[in-house]
Amino acid sequence: MWTRRKGSAPRPRQEYLARDKLAWLLVMQTLLVLPLLINLPLWLWLVWAMAGFWRTQVFRGRWGAPGGTVKTLLTLLCAGGLLASYAGKTGTETMVGLLACTFVLKLLEVNSARDAQLLIFIGFFITASQLLFNQSPLAALYSLGCLLILLASWRSLYLTSAQANGPRLRAGWRLLWHSLPIMLVLFVVIPRLGPLWAIPNQQAAKTGFSDSMSPGDFGQLALSRAPAFRVEFIGRDTPPPPSQLYWRGLVLDSFDGRTWRQRDPWGIAPKVKDEEPLTEESVAYSIILEPHGQPWLFSLMTPQSTSAPGNYRPIRITRDHLLFNSVPVAQRLRYQVISALAFAPSPPQALTNSERAAYTRLPQGSNPQAQALAAQWRAEGLSDQAIIERVLNLFNREFTYSLQAPVLGQHSVDEFLFTTQKGFCEHFASSFSLLLRAADIPVRVVVGYQGGSWNPLENYLLVSQSDAHAWTEVWIEGEGWRNIDPTAVVAPNRIEQGLDNALSADEQNLVNSNWSGSTLLYNLRLRWDAATFVWQRWVLNYDSQTQEGLLSRLLGGTEAWRMTLWLIGLGLLGAALATWALLRSHQSPALRPEIRALQSLERKLAPQGYVREQGETAGDFIARVSHSEPRWHAALSIIARLFEQIAYQQQPQQLALLREKIRRFPQA
Amino acid sequence: MSIRSDWRAAWQRHFFRWIDKRVPPARQISLNRKNLYIFPNRTGFLYLVMTLLIWLLGTNYQNNLILALCYLMVSLFVVAIHHTFANLSGISVRFVQATPAFAGEAASFVLELSTRNRYGCENVEIRWGDGEARTLTLAPATPQRVSLQVPSRQRGYLRPGRLLIQSHFPLGIIRCWSWLNLEAAALIYPAPVAIDEPQHLASSGREEGGTSTRGGDDFSGLREYQPGDPIKHIAWKQFAQHKGLFTKEYEAYFSAEKWLDWHNLNQLQELRLSGLCYWALHYERQQIPYGLSLPGLTLAPALGDYHLQAVLKALAQFNLAREAGYVD
Chain A
1 MWTRRKGSAP RPRQEYLARD KLAWLLVMQT LLVLPLLINL PLWLWLVWAM
51 AGFWRTQVFR GRWGAPGGTV KTLLTLLCAG GLLASYAGKT GTETMVGLLA
101 CTFVLKLLEV NSARDAQLLI FIGFFITASQ LLFNQSPLAA LYSLGCLLIL
151 LASWRSLYLT SAQANGPRLR AGWRLLWHSL PIMLVLFVVI PRLGPLWAIP
201 NQQAAKTGFS DSMSPGDFGQ LALSRAPAFR VEFIGRDTPP PPSQLYWRGL
251 VLDSFDGRTW RQRDPWGIAP KVKDEEPLTE ESVAYSIILE PHGQPWLFSL
301 MTPQSTSAPG NYRPIRITRD HLLFNSVPVA QRLRYQVISA LAFAPSPPQA
351 LTNSERAAYT RLPQGSNPQA QALAAQWRAE GLSDQAIIER VLNLFNREFT
401 YSLQAPVLGQ HSVDEFLFTT QKGFCEHFAS SFSLLLRAAD IPVRVVVGYQ
451 GGSWNPLENY LLVSQSDAHA WTEVWIEGEG WRNIDPTAVV APNRIEQGLD
501 NALSADEQNL VNSNWSGSTL LYNLRLRWDA ATFVWQRWVL NYDSQTQEGL
551 LSRLLGGTEA WRMTLWLIGL GLLGAALATW ALLRSHQSPA LRPEIRALQS
601 LERKLAPQGY VREQGETAGD FIARVSHSEP RWHAALSIIA RLFEQIAYQQ
651 QPQQLALLRE KIRRFPQA
Chain B
1 MSIRSDWRAA WQRHFFRWID KRVPPARQIS LNRKNLYIFP NRTGFLYLVM
51 TLLIWLLGTN YQNNLILALC YLMVSLFVVA IHHTFANLSG ISVRFVQATP
101 AFAGEAASFV LELSTRNRYG CENVEIRWGD GEARTLTLAP ATPQRVSLQV
151 PSRQRGYLRP GRLLIQSHFP LGIIRCWSWL NLEAAALIYP APVAIDEPQH
201 LASSGREEGG TSTRGGDDFS GLREYQPGDP IKHIAWKQFA QHKGLFTKEY
251 EAYFSAEKWL DWHNLNQLQE LRLSGLCYWA LHYERQQIPY GLSLPGLTLA
301 PALGDYHLQA VLKALAQFNL AREAGYVD
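Protein chains in written order, with our numbering: chain A, 1 to 668; chain B, 1 to 328.
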């Protein structure tokens, strides 16, 4: 008892988490991990369900916490699973899988505040990974909700008093709400850098067409409403006419009897020189391309120059007037193009012999009927122009446009031309090209999109997957490549008004779901897409160029001195606001209501020269005033009695009366 | 003691000297921006590293939403500074009293904390130097008393040094703290040490023969019961014999009272004081009146808590010339 004690007392440790804190963590984790699991292998779902169940059982006191052996076993199992799912891949998904695995397993052994803190930190990464997979406004909103729960449960970790869920959520919201303005300023002002090192290609969802075209490919695309890209025309509020809206993606110039392919997919020679001088009819536009997992980009004929701010490697323009990105487009990409809509008037160089051979090459023995037909025309001594017209006439007379084309066999063009006579763009493009090639006219198939729907709310063109199209380009001697769309002959509506108008009522139902006829829903869809466009343009593709534009518009310039002045000004303003808010919300003394009521009486008496002294009680003060002002005696004594009843006799119901008396003072 | 902790101690001394000039000692101190210090803690730096990693992720993937998340984390850090500060700012700490203790025991200091903060204060940790730490929650407009134990080493006045008050609330990444220089001291009595009973020269000392006085040990007779007489002195035997209610009277002689006389001991000063303390406690327990005689101070023999405390206080304060005892 009286021996000397050495050293300091041990600090109390918050070793075990209270149950309410744990419950918040559980909810937080579930919310955060749910959208990720969609992109992750199935076994992670099982691990998650198991960990969640076990944790809940521990929480309810039914089961014990997992021991060291179990934990090691689980870790090994998950490591094996990760290895099996992602072996050899070092991409984003591996990272996210590892992260999600850690997050889920960590839950099993969260005991102390320190563990929980770590879980919270991983939570931020999990939120970031959510945004890696989906960047739609809804996804962003969901992530914001996740952050709210994250903050509320983070703050809960350090609570020392019991608090209901509502106040916890509100406090979390307060943290988030106070941070958002600073975040916005940082988002607008902080300069953007390019990627610091090359990142492994993300396995993007490959939508759209592939680098080949076989019968039936486009029918599937036509059913998809997914957006392909959105185009904003610079300096004009209306789009060019539909007949000019051919978004070229890829040139297919090699035919094996059934499938059209790129002859030499990676031998894309860069454009030799700016052959075509810019004509007066050029158009500048900016495209936000949805990631399609392919390197090619889309542009109108013929792209003259292109730029993609924030894209750290330039976009190439090939000899075929195509745009190619240096890597497959895994992220939404924004680029600008200036295209000449009309061909240059000067006659281009003639095709070399090898080029001519390549553009007229056909596999031996394929589609014999079609080849014979073309040979017969050629024998009749028809000119190139006449042959083209004859094919188009043929299509116009005897063919119908339909998405439900019959399945075609090995000699697909023969079957189409002479048997089924029913098909859509790729059938027409394919058979047209074959006939022309058989007649020794250089021709190539172009795939891309045609048209798009104009959104007047934000003045942009939405091009969907259902606008996917195939057409041909024919070499006309002395003129160069010319755009000829055989589908336009059969179904001019397809070109002029889009897919929906080219189809019969039956097929429209195939393409659209039942409700698409409603005007209201159409307008809603228009609005939603406009919102998506604004989101993409201002949030997802906010880059250094947009930044500079916005800043110079807001601040009147982007010189260093101007920026500095604005920053200092904003900083001072922010600091002042923050201080004011703090002083107002936290430092206002919590006064009892009757004292506050009495203060208003003091304010009324102060002009008459009666000021409550330091240390003078309310009773003394009222007695002093009523002593020297007998006319107020009655009113003041009532007030004094009421005040005492409330303050000292626990009669808070008199408060209203006291306020009323003070308000009506000096009447009794 | 490692070099690091040496360095730390030196730095703290320097720091305390600096804040002494800024914040003079007082019985009541309110926390505000003059005496609150704020800095990220280790978790805070880890948080910043996380923010940097997320920035890298966002930059490398050219993902504006992830960059926005990174900026949100940065602004959360800034906001956390404000919130942590606001949690402590507006607290006032008042020293109420300290209970005395024997040297080597812990003295407890009673503090009253209140806050002007509308939301109250969460997770406020207070601690005297190396004493015990307490974590409290302050409700708005409700003062709260805490008593903190501080170990004592030697008799005299125990000044517990600076009071650390700190909080990491709400996010645990920012530490806000203050070292309060409270005017607080506890009286520490000498530790009781059993030594030989001080030889008292009672009979030879003062009044010869010894005059009897009431309240002693020896039974001297019966008298009629008067209201207020102690029950244990009632003569139950006579009462049982139906002779009436009587009170037994006792007599004490001066010769029976003890003197705690400094001069009759020949140990070192501190051991003498400890011995006197031991015997004072012993006599008090035995209900033997005792007086205290120190150089320059004499307390007449008596009994009771008040007397005991006066004696112990005299022992505690003996020869404390170098330090003025300004607090009781």
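Derived by calculation from the structure, the hints in this document are not laboratory data. Honestly, I wouldn't trust all of these hints.
[What the hints assert, rightly or not] In silico SDA-like cross-links for lysine to any residue, where the CA-CA straight-line distance does not exceed 20 Å: (1) K21(B) / K34(B); (2) K106(A) / W177(A); (3) K258(B) / I288(B); (4) K106(A) / I288(B); (5) K604(A) / T564(A); (6) K34(B) / A578(A); (7) K34(B) / P666(A); (8) K106(A) / R236(A); (9) K313(B) / A256(B); (10) K106(A) / M50(B); (11) K313(B) / A194(B); (12) K106(A) / L138(A).
Given the structure is predicted, the values throughout are model-derived calculations rather than measurements.
Outcome of the hint check:
no.: 1; hint: K21(B) / K34(B); result: holds (12 Å)
no.: 2; hint: K106(A) / W177(A); result: violated (29 Å)
no.: 3; hint: K258(B) / I288(B); result: holds (7 Å)
no.: 4; hint: K106(A) / I288(B); result: violated (68 Å)
no.: 5; hint: K604(A) / T564(A); result: violated (49 Å)
no.: 6; hint: K34(B) / A578(A); result: holds (18 Å)
no.: 7; hint: K34(B) / P666(A); result: violated (44 Å)
no.: 8; hint: K106(A) / R236(A); result: violated (55 Å)
no.: 9; hint: K313(B) / A256(B); result: violated (24 Å)
no.: 10; hint: K106(A) / M50(B); result: holds (18 Å)
no.: 11; hint: K313(B) / A194(B); result: holds (19 Å)
no.: 12; hint: K106(A) / L138(A); result: violated (28 Å)
Checked against the numbered hints given earlier, this structure breaks hints 2, 4, 5, 7, 8, 9, 12; the rest are met.
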